[in-house]
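Q: Given the coordinates of chain B, assemble chain G onto it according to the supplied hints.
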Amino acid sequence: MATTQLERTSPAIHTTSLERGTFLTTDLAATRRLMEEVLDLECVRYAPRAMYVREKGHRPGEPLFGKPYLVLDVQEVDTIPNPQAFLNHWGVFVATQSDVDRAFAAIVANKEKYGIKNVQKPKANHGAYSFYFDDTDSNWWEVEHRIVKKQYESLRAIGDQVPV
Amino acid sequence: MTALIPNTWLSHGTIECMDHKISRRFYQEVLGLGSVRPLPAAQYLWQGGPWSLVCVGIGVETKPQTVDNRFCLRVDSAEEVDAARERALRLKDEHHIREIGPLDEKGDIHSFTLCDCDCNWWEISNVSMAHYDEAFLRGDVA
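Residue numbers (my numbering), protein chains in the order written: chain B, 37 to 200; chain G, 40 to 181.
Derived by calculation from the structure, the hints in this document are not laboratory data. Treat each hint with caution, since some may be false.
Some, not all, of what chain B presents toward chain G, calculated at C-beta under 8 Å [stated by the list, open to error]: (1) Thr58; (2) Leu60; (3) Leu77; (4) Asn146.
Restricting the straight-line Cα-Cα distance to at most 35 Å, the calculated cross-link-like pairs of lysine-lysine (DSBU-like) are [unchecked claim]: (5) B/Lys157 to G/Lys102; (6) B/Lys186 to B/Lys157; (7) G/Lys60 to B/Lys159.
One-sided excerpt, in silico: chain B residues whose CB lies under 7 Å from chain G [claimed, not checked]: (8) Leu54; (9) Glu55; (10) Val80; (11) Pro104; (12) Val107; (13) His162; (14) Arg192.
All values reported here derive from a predicted model rather than from experimental measurement. Built from N, CA and C at the ideal position, the CB exists for glycine as well.
Next comes chain B alone, as it looks inside the complex (with noise of 0.2 Å):
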């Protein structure tokens, strides 16, 4: 097993939390539709031109309340600037891999209605059972599963599989 976490030195910044990640679209209203209406997340407009996204249950009183969560902050412009590809997507977790092909299933009947283009085919492929789509402003997304000892958490543990 080569470098794990236990071996690191001190760094530069000592950072707390990776805590959110941007994207642009041209049409909030648009975007949050998607979000919340395809890919059950929960969002908060905080400025005109601007949102934020979240998984849903931390909320007061709600099973994750407390716990951290990862923000995506989606700011809206006229144009997109510098469209993304594949390679820079988002990934958004389900609970089985019946989930991932109804999930599938369910974009591809409802790709006009979301403006939804590109929508790949389930497959097994690093260790996760997903599929990816792209939205009218190429912001790519992930719709996937893993078995328990592939989830990310599980994969921190084990350390590094192949040497860096």
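A: Here is chain G on its own, set in the frame of chain B:
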């Protein structure tokens, strides 16, 4: 209304790197991220939560990103942001950092951005989770 894909959670974002070894050094030694490489194509980065940032090694020049598509890392205080920027400036050449933006100060919140050797953009700030909690509780602006 039930969503088409119910009960999801945000699991990862994705970036590219040209060389895993060079980039991992930057992620760990400068940004303080955890990194594990479970397969030849990718290393998985993390800090502070179950989600990951998947870094795919492509072996050639990466697609340049802009600051509009960036990943934001939190530190504990405004003073730590200031110190982080100073340290980044000192390490700029050693880690092939392409650009380090000016310090942005909005009241108690300090931040700056930097562009790494693979042209991925990062933001360092002391925005706390309470900021996001409050935004979601407050609801949409008019």
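Q: Does each hint fit the structure? Answer for all of them.
A: Hints, verified against the model:
Hint status for B/Thr58: holds, given a least beta-carbon distance of 5 Å to chain G, under 8 Å. Proximity of B/Leu60 to chain G holds as hinted, the smallest CB-CB distance being about 5 Å (cut-off 8 Å). For the restraint placing B/Leu77 at the interface with chain G, the shortest Cβ-Cβ distance is roughly 7 Å, inside the 8 Å limit, so the hint holds. Residue-level restraint check for B/Asn146 holds (minimum Cβ-Cβ distance to chain G is 6 Å; threshold 8 Å).
Distance check on the hinted pair: B/Lys157 and G/Lys102 sit about 25 Å apart at the alpha-carbon level, within 35 Å; holds. Under the criterion of a C-alpha separation no larger than 35 Å, the hint pairing B/Lys186 with B/Lys157 is consistent with the structure, at around 21 Å. Among the hinted pairs, G/Lys60 with B/Lys159 is consistent with the structure: their alpha-carbon atoms are about 29 Å apart, no more than 35 Å. With its C-beta approaching chain G no nearer than about 4 Å, B/Leu54 sits inside the 7 Å limit, and its interface hint holds.
About 5 Å separates the beta-carbon of B/Glu55 from the nearest beta-carbon of chain G, less than 7 Å, and the hint is met. Look at B/Val80: its Cβ gets to within about 5 Å of chain G, closer than 7 Å, so that hint holds up. Taking 7 Å as the C-beta cut-off, the interface hint given for B/Pro104 holds, the closest approach to chain G being about 4 Å. Look at B/Val107: its Cβ gets to within about 5 Å of chain G, closer than 7 Å, so that hint holds up.
Contact between B/His162 and chain G, as hinted, is supported at the beta carbon level, the nearest pair being about 6 Å apart and thus within 7 Å. At a threshold of 7 Å, the smallest CB-CB gap from B/Arg192 to chain G is about 5 Å, leaving the interface hint in force.
Violated hints are absent here; each numbered hint is respected by the structure.
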